[in-house]
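> In case you want the letters, here they are:
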Amino acid sequence: MFEKVLIANRGEIALRVLRACRELGVRTAVVYSAADADSAAVRLSDEAVRIGPAPSRRSYLNAAAIVEAARQVGAQAVHPGYGFLSEDADFAEICAENGLTFIGPRPEVMAALGDKSSARALMSRAGLPLPAGSVEPVPTVDAAVEVAAGIGYPVIVKAAAGGGGRGMTVVWTPADLPRAYAKTRATAQKVFGDDRVYVERYLTDARHVEVQVLCDAHGNGVHLGTRDCSVQRRHQKLIEEAPAPALSAATLDTIAETALRGALAAGFTGAGTLEFLVDAKERFHFLEINCRIQVEHPVTEMITGVDLVHEQLHIAAGTPLRLRQEEIRLHGVAVECRVNVEDPERDFAPTPGRLERFVPPGGPFTRVDTHGYPGYLVGPHYDSLLAKVAVWAPDRELALNRLERALDEFDVAGPGVRTTIPFARRVLDDAEFRKARHHTGLVDRLLTTTAPAATPDPPVAARPSTTAERLTSD
Amino acid sequence: MTAGAARPRAAANAETVPDGTDPAAGTDAVLAGLRRHARQLVAELAGPVRRVRLRSGETVLEVEWHGGGAPAEAVVPQRPAPVEQFTAEPAEPAEPADHAMVRAPIVGTFYRSPEPGAAPFVAVGDLVRPGQVVGIVEAMKLMNEVAAERGGRVVAVLADDGQPVEYDQPLVALEPA
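Line by line, the protein sequences give chains P and B.
According to the working numbering, the residues represented by the first sequence are 10 to 483, in order.
According to the working numbering, the residues represented by the second sequence are 939 to 1115, in order.
Okay, chain P solo, but in the shape it has when bound (with noise of 0.2 Å):
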């Protein structure tokens, strides 16, 4: 096991390795921006180092700054996190010319999946379904529109270079595919700095469900089974659960074994997740891979007893899997709420400011990870997740009643601060999601019904925007 590991992420995450390094014996080093120096894993770390201004271009995505923390510490390994350089493919590399282990997969393996269309080739070959439409990125308009011709609408044109949520447009008409695919590719250019996208069939009514996947650099995988990610904002998860709702046992199987195949023939190794989309038939078609820890990997770990992090950091140092296929037991239901700072009220705009009530949920089977405090200053500079509320209960109704138990216990307060709790309950309350009848749809089915008027505020007005227009803008 490694002597000492750099944590080069902040907020919620950083403090979640930070605990599991603390708990393996491992000492801590964490990076952290002018912006983070009296956050929570700052405070708790053996060691800190100042990376670089607030701006995450200078700080958290500074490879070379994080690697130079890395040397100044004497750290053997980096943890990338989710999000920042977590997936950059350089950045492995780099850590590996400097002799510092990365904590995920292989540089090469790392580029293969991290772009989307030679994941999708990749995956297609070891037998993968995938929704119908270009395997290879579409090099032209025309091209894209017969694409889309033959797959039938509506369709989502996809950045290659994309990820987590970010990248896409849905097209509904034929009509807006021209400039729906040049908005894509120019925005695909200027986020990602690669304009390749290629086209999909957009499953409608679909739900998002995805498989947690452990492969050693020994050849070993195991799944844990499978989470439900469906209520999504934009592409951006809000609640997740583990099992996947309301899907045979069969088809809960076969799509984690096909993921782990798929995964081990990539030749993946770490913590992954493979997501799917599956239709009303339950057949699954294959989106993504994610070479990361996930923000919602606590509902698979408290439906399995399984420290995935822990994990992270056996693999990595070279040790086989200890995990047996056989031995790995799901149990239960865990359901995770994100708790971000932002007003539900004004199209989730974001709200930072000084936390000066911060009363977190406790109780059985309740598990918060955050890094808030009373008093912690949230501030502007990145992205506004602040909590992440999962509970385990022996079955899904009394998952929800619990998770409803725990949201109305949380305590956050600050001037000008809101928090997507009140959103979230509409959620948990809606009786399409109470029966696991819903699917990606359900948060702007919500959005453009008139909220409950439970607030002393007045009443939130219906918002008159389509459906369409709404994923079709970014």
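Keep in mind that the hints are not guaranteed to be accurate.
To give a feel for the contact side, a few chain P residues facing chain B, derived at Cβ under 7 Å [to be verified]:
1) 59
2) 61
3) 78
With a straight-line cut-off of 30 Å between C-alpha atoms, the simulated DSSO-like cross-links for lysine-lysine are [unchecked claim]:
4) 1079/B <-> 199/P
5) 1079/B <-> 13/P
6) 444/P <-> 290/P
No wet-lab data here; the hints were simulated from the structure.
None of the values given here were measured: they were computed from a predicted structure.
Note that the Cβ used here is the ideal one computed from N, Cα and C, for glycine as well.
Use these hints to put chain B onto chain P, whose structure you have.
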């Protein structure tokens, strides 16, 4: 990182004064003359100069320096001498409000001179002009010059040659000119 990594040859304490022969630079000539006078003045004066003010229209030349009473430079505590034995990290030197601090622009290794064996960029007591290079921070074999944004007199150098430094770490304390 190899110890022998080459560093760019940076001027150690360049203070070139234009000779004013450029006909289009009347202003330049005036400024050059002012600077020359200022330097002479500072060199001639007894005691550390606190402030120099120059002006061209209607010719002003103002100098402020500490006289009598408390010594002007005893404001920044120096690092403990190396002969002392200490197990704790040396405390961060206090930063008096009237000192301008030149800080590390990136995380890396601080060097006081342009090359190993060369004279340091600055020493305590030197007068530094705005934009003057006072050191180098090296990260991943890239040398980054550290320039003083504002001018002043060097009252302390707060990091050792070859010391790892963090972003924004104080490197050179200046008493503003």
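> Is the shortest C-beta separation between residue 61/P and chain B less than 7 Å?
holds (5 Å)
> If you draw a straight line from the CA of residue 1079/B to the CA of residue 199/P, is it 30 Å or shorter?
holds (29 Å)
> Is the shortest C-beta separation between residue 59/P and chain B less than 7 Å?
holds (4 Å)
> Going straight from one Cα to the other, do residue 444/P and residue 290/P come out at no more than 30 Å?
holds (17 Å)
> Residue 1079/B and residue 13/P: Cα distance at most 30 Å?
The given pair, whose Cα atoms are some 23 Å apart, holds under the 30 Å limit.
> Would the stated hint for residue 78/P survive a check requiring a Cβ distance to chain B of less than 7 Å?
Given a least distance of 6 Å, the restraint on residue 78/P holds.
Checked against the numbered hints above, the structure breaks none of them.
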